[in-house]
Amino acid sequence: MADRHAPTDSHDTAHAAGMARPPVSDVVGPGHSFGSITSKITSAILTKGFRPGWLVGFLLAFGVVQMFLFALTAVLVKGVGLWGINIPVGWGFDIINFVWWIGIGHAGTLISAILLLFRQKWRMSISRFAEAMTIFAVMCAAVFPVFHTGRPWLAAYWLFPYPNTMGLWPNFKSPLIWDVFAVSTYATVSVLFWYVGLIPDLATMRDRAQKLWIKRIYGIVALGWRGSAKHWQRYEIASLLLAGLSTPLVLSVHTVVSFDFAVSLLPGWHATVFPPYFVAGAIYSGFAMVLTLAIPIRAYFGMEDFITMRHIQNMAKVMLATGLIVFYGYAVEAFMAWYSASSWEGFMIANRMFGNYWYMYWALILCNGIIPQLLWFKKVRMNIPLLFAISIVVNIGMWLERYVIIVTSLSRDFLPSSWGMYAGTMWDWMTYIGTMGLFVWLLFLFLRFVPMISMFEMRTIIPPAKVKPEDAH
Amino acid sequence: MHQEDTAPKLFGLLAEFDSATAIVSAARKTREAGYTKIDAYTPFPIHEMDDALKLKRTRLPWLVLGGGITGMLGGFALQYWASTIAYPLNIGGRPLASWPAFIVPAYETTILLSALTAVFGMIALCGLPRPYHPVFNVPQFSNASGDRFFLSIETTDPKFDPAATRAFLDGLNPLGVSDIAS
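Note that the protein sequences, when read in sequence, are chains A and B.
Just so we're aligned, residue 1 is where the first sequence starts under this note's numbering, counting upward by one.
Just so we're aligned, residue 474 is where the second sequence starts under this note's numbering, counting upward by one.
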């Protein structure tokens, strides 16, 4: 490739000084030029054929997607009775998985929007695939409430305010409708933000591609971007505005999701701590998922120079901090159960800890409260396999959290005569694991066809990008 | 403008540079020399460029503000109309126009319309989508999205003169100067 340009002065010094291992504080490995960043990141896409590891993973995920489609077809044919939901536990896996997936998505927006506003440079190399993760997670999340309606083909007039021949309108006093607005806005804005971030990189792909038809496809989606100063000026303003808009949006989405619970009167749901505690939990699980994905991706594609130990460490620290907020939420729930002197609340927490689902609660405390405390130690944060294991543990813990909140509260209602037990059926598990397959499958497609790291942003943080004062030239 | 000698009509001249510092300095000198129809093409945003080219501030933020206000009022109006006029429903004895409950969807529509305006406004103000542009005729320009920096002076510039402008660009110490066929 002809993109190795003559090294500039600062490039030279970086090269000379940087043969040793990069320091942990670096957000990019030493010795990189504009050309090396471009060729490294585009090389994952502009190669002939498929790498065997990619192909195996892709096909496995594709197989799981088939199982997912089978499970959904069965549910459409037979009805939601295939699932374990019953009266009193009408929300089961669907809402557990919905909240879990939506929460995972939050890290992508946090990284791309909030960290952009705080000018955190370490955001740049992970924001692209974290945003992709957001979009795919929201897609997986959407499956559950839509199929939970039982008749998804009718869900349009139940959920969206559009003029229909029956003259019906949604009930805007219901948090469930708020949720429709929050999640659909979130999905739209996430896609827009992701696409805007991609435009300059798609132009790079257009200019790098050798084959004409590939050039054309990237050319169309790049919209004719040519990196003009006037483009960049508007582009930067638009990015900043989108970040400013996404920040309150991402905080509102899980807040509104928590309203689905908090606005009800059920003990264990009706709590003012829910919005902040849900948002923290969302970011917690999202960063866990980013780590779960970033660790194998960086190893497989050799992206250690771009996703450095600084990134890995910072993500671990965010996980630790948000994990503590979540743990505080659990403590407040227990404290309020005692402090409120409400016998319903007291029963709720006793039932969670020692009732039929006690093992779920203690597994949750272990996964979300105790094991992540290891992240206090730098040795643990620098240990990639251990960090990977912890990120999986946190993902499981966050799923358990939603399970505990939803199932224990619903299964033990106010009246003992309406008590009941709940367990997911085979179809529940097939749908849940199926969405994981869909998520991974989409991610494999993304890694193969879209630059996984923002090239134009990476160019801005290497030394040659710095404009020296006029007289120095 | 006064192009009769070249066979394909000339759109302008394109000078190629190899560093961010060089392009900013060249852009500044070109503007100071009195050229107005100039543009710089860079593989990443360079903030010094706005000053070097004395770019006017974009009106995008005002458009986004308009989009946001429209989204807020529209979202609120939709809920008010649906809940009180089109389909009044007594939900737990609450007033039909329970405005506190309408805040959440109105908040979301505010953000939705602002974001849509920001994205489509940016694309429109950039004059995109425009798959074809004369600068793409220069073979080296494919590096503008990689590691090279370009400065163009268009023939529509009142100060443009084929020979003098080329000599001026050569004086900026570029890697090369090319004709942009239109």
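Hints in this document: simulated from the structure, not taken from any laboratory.
Every value quoted in this text rests on a predicted model; they were computed, and no experiment measured them.
Mixed in with the good hints there might be a few duds.
What the hints assert, rightly or not - Taking CB as the label site, the calculated pair distances span:
#1 B:Arg603 - A:Ala389: 48 to 56 Å
#2 B:Trp554 - A:Met436: 38 to 46 Å
#3 B:Pro534 - A:Gln210: 20 to 28 Å
#4 A:Gln210 - B:His520: 57 to 65 Å
#5 A:Ile433 - B:Lys510: 56 to 64 Å
Unchecked claim - To spell it out: a stretch of chain A is covered by chain B in this simulated footprint if at least three of its residues, at any positions, have a beta carbon under 8 Å from a beta carbon of chain B; those stretches are:
#6 126 to 133
#7 197 to 210
#8 215 to 228
#9 246 to 260
#10 439 to 450
#11 457 to 468
Glycine included, every Cβ here is placed at the ideal spot set by N, Cα and C.
How the hints compare with the structure:
1. Distance hint check: the CB atoms of B:Arg603 and A:Ala389 are about 50 Å apart, consistent with the given range 48 to 56 Å.
2. Taking 38 to 46 Å as the suggested C-beta distance range, the pair B:Trp554 and A:Met436 conforms, at roughly 42 Å.
3. Evaluation of the 20 to 28 Å hint for B:Pro534 and A:Gln210 yields a failure: the beta carbon distance comes to about 40 Å.
4. A hinted range of 57 to 65 Å is violated for the C-beta pair A:Gln210 and B:His520, which are about 33 Å apart.
5. Separation of A:Ile433 from B:Lys510 is about 60 Å and conforms to the stated range, judged on CB atoms against 56 to 64 Å.
6. Counting residues of the region 126 to 133 of chain A whose beta carbon lies closer than 8 Å to any beta carbon of chain B gives 0, which falls below the threshold of three, so the coverage claim is violated.
7. Only residues whose beta carbon comes within less than 8 Å of a beta carbon in chain B count, and the region 197 to 210 of chain A has 6; three or more means the coverage holds.
8. For the region 215 to 228 of chain A, the stated coverage by chain B holds: 8 residues have a C-beta nearer than 8 Å to a C-beta of that chain, and at least 3 were required.
9. For a cut-off of 8 Å, the count of residues in the region 246 to 260 of chain A with a CB near a CB of chain B stands at 6, and the three-residue condition holds.
10. Counting residues of the region 439 to 450 of chain A whose C-beta sits closer than 8 Å to any C-beta of chain B gives 0, which falls short of three, so the coverage hint is violated.
11. For the region 457 to 468 of chain A, the stated coverage by chain B is satisfied: 8 residues place a CB nearer than 8 Å to a CB of that chain, which reaches the threshold of 3.
The structure shown violates the earlier hints numbered 3, 4, 6 and 10.
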